[in-house]
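Line order of the protein sequences matches chains V and D.
All residue numbers for the first sequence refer to our numbering, where the first residue is 114 and numbers rise by one.
All residue numbers for the second sequence refer to our numbering, where the first residue is 114 and numbers rise by one.
Because the hints were derived from the structure by calculation, they are not lab data.
Incorrect hints may have been included.
If several chains are the same, the list does not tell them apart, and a pair holds so long as it fits within one copy or across any two.
Straight line, CA to CA, 30 Å or less: simulated BS3-like cross-link-like pairs of lysine-lysine [said to hold, decoys possible]:
(1) Lys-226 <-> Lys-188
(2) Lys-136 <-> Lys-188
(3) Lys-136 <-> Lys-226
(4) Lys-220 <-> Lys-136
(5) Lys-247 <-> Lys-226
There are 2 protein chains.
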Amino acid sequence: MVDLDPVDPYRLRPIGIVRSNLKRREDCSHQGWEGAPDAWLEIDPAVAEGLDGITPGCELVLLTWLHEAQRNVLKVHPRGNPENPLRGVFATRSPDRPNPVGLHRVKIIEVEKRGRVRVRPLEVLDGTPVIDIKPVLPNSVDM
Amino acid sequence: MVDLDPVDPYRLRPIGIVRSNLKRREDCSHQGWEGAPDAWLEIDPAVAEGLDGITPGCELVLLTWLHEAQRNVLKVHPRGNPENPLRGVFATRSPDRPNPVGLHRVKIIEVEKRGRVRVRPLEVLDGTPVIDIKPVLPNSVDM
Numbered sequence: 114m115v116d117l118d119p120v121d122p123y124r125l126r127p128i129g130i131v132r133s134n135l136k137r138r139e140d141c142s143h144q145g146w147e148g149a150p151d152a153w154l155e156i157d158p159a160v161a162e163g164l165d166g167i168t169p170g171c172e173l174v175l176l177t178w179l180h181e182a183q184r185n186v187l188k189v190h191p192r193g194n195p196e197n198p199l200r201g202v203f204a205t206r207s208p209d210r211p212n213p214v215g216l217h218r219v220k221i222i223e224v225e226k227r228g229r230v231r232v233r234p235l236e237v238l239d240g241t242p243v244i245d246i247k248p249v250l251p252n253s254v255d256m
Numbered sequence: 114m115v116d117l118d119p120v121d122p123y124r125l126r127p128i129g130i131v132r133s134n135l136k137r138r139e140d141c142s143h144q145g146w147e148g149a150p151d152a153w154l155e156i157d158p159a160v161a162e163g164l165d166g167i168t169p170g171c172e173l174v175l176l177t178w179l180h181e182a183q184r185n186v187l188k189v190h191p192r193g194n195p196e197n198p199l200r201g202v203f204a205t206r207s208p209d210r211p212n213p214v215g216l217h218r219v220k221i222i223e224v225e226k227r228g229r230v231r232v233r234p235l236e237v238l239d240g241t242p243v244i245d246i247k248p249v250l251p252n253s254v255d256m
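My request is simple: use the sequences and hints to build the entire structure.
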């Protein structure tokens, strides 16, 4: 059983952490397909049995918590370019937004024991918390 | 500026709520394309300017917080069918998981002033909190 704080149902419990060569926000591409590297997911041993069924070659939707984002931003210049007119954050993929969930489609390259999973590509910083992992559904119209 | 609790950076702040005819969990289809209805998103006026740029016809990725889910479940029978062998929750789309984020691809049908947005299809319960909205990117390999 996972130990969860019963008093705050809106609190995220990170299930793991990203280990990546990306150490500074300015090194990260805007999207994974824009040259992002491989990364390792180190999943908390307390929840690692939730990985059962994940195998190399599968595609996943990975959800991260972009912990360096600003949560009080509601409009941005898309892609950080001041020439782009201001736009509501919900119409952009800006990391700055009220709940900075990062959404990444990745391929599984390797699965090690003890909850280490190598994925590609991933455009987030080393140390970014992982909050969920979901399969891409074969007949999905959504992912 | 959005008022956020500065002491807990892992706390979600719902940005709105789903209004739907789905009132009981057993009425919800497993996935949106399995016969789910339209729903209204009622976005908190405090963050509604973040919707600027969202228009009917667009496709969105909607993130919800499946507040009735069990967060201490790590293995499930996929699709709730006991004949399916137990599988790690991260290899399934089960709502029961440590961080029960719902991921839904929807089409925008209508946008009203004051942050009401009608979307289709959406397989979550009336009253489900909305935590994020993102555009589907035109050249996206991920969504």
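Taking the hints in turn, this is what the structure says about them:
no., hint, verdict
1, Lys-226 <-> Lys-188, "between (43 Å within a copy, 17 Å between copies)"
2, Lys-136 <-> Lys-188, "within (26 Å within a copy, 34 Å between copies)"
3, Lys-136 <-> Lys-226, "within (25 Å within a copy, 42 Å between copies)"
4, Lys-220 <-> Lys-136, "within (21 Å within a copy, 36 Å between copies)"
5, Lys-247 <-> Lys-226, "within (19 Å within a copy, 34 Å between copies)"
When held up to the earlier numbered hints, the structure conflicts with none and fits them all.
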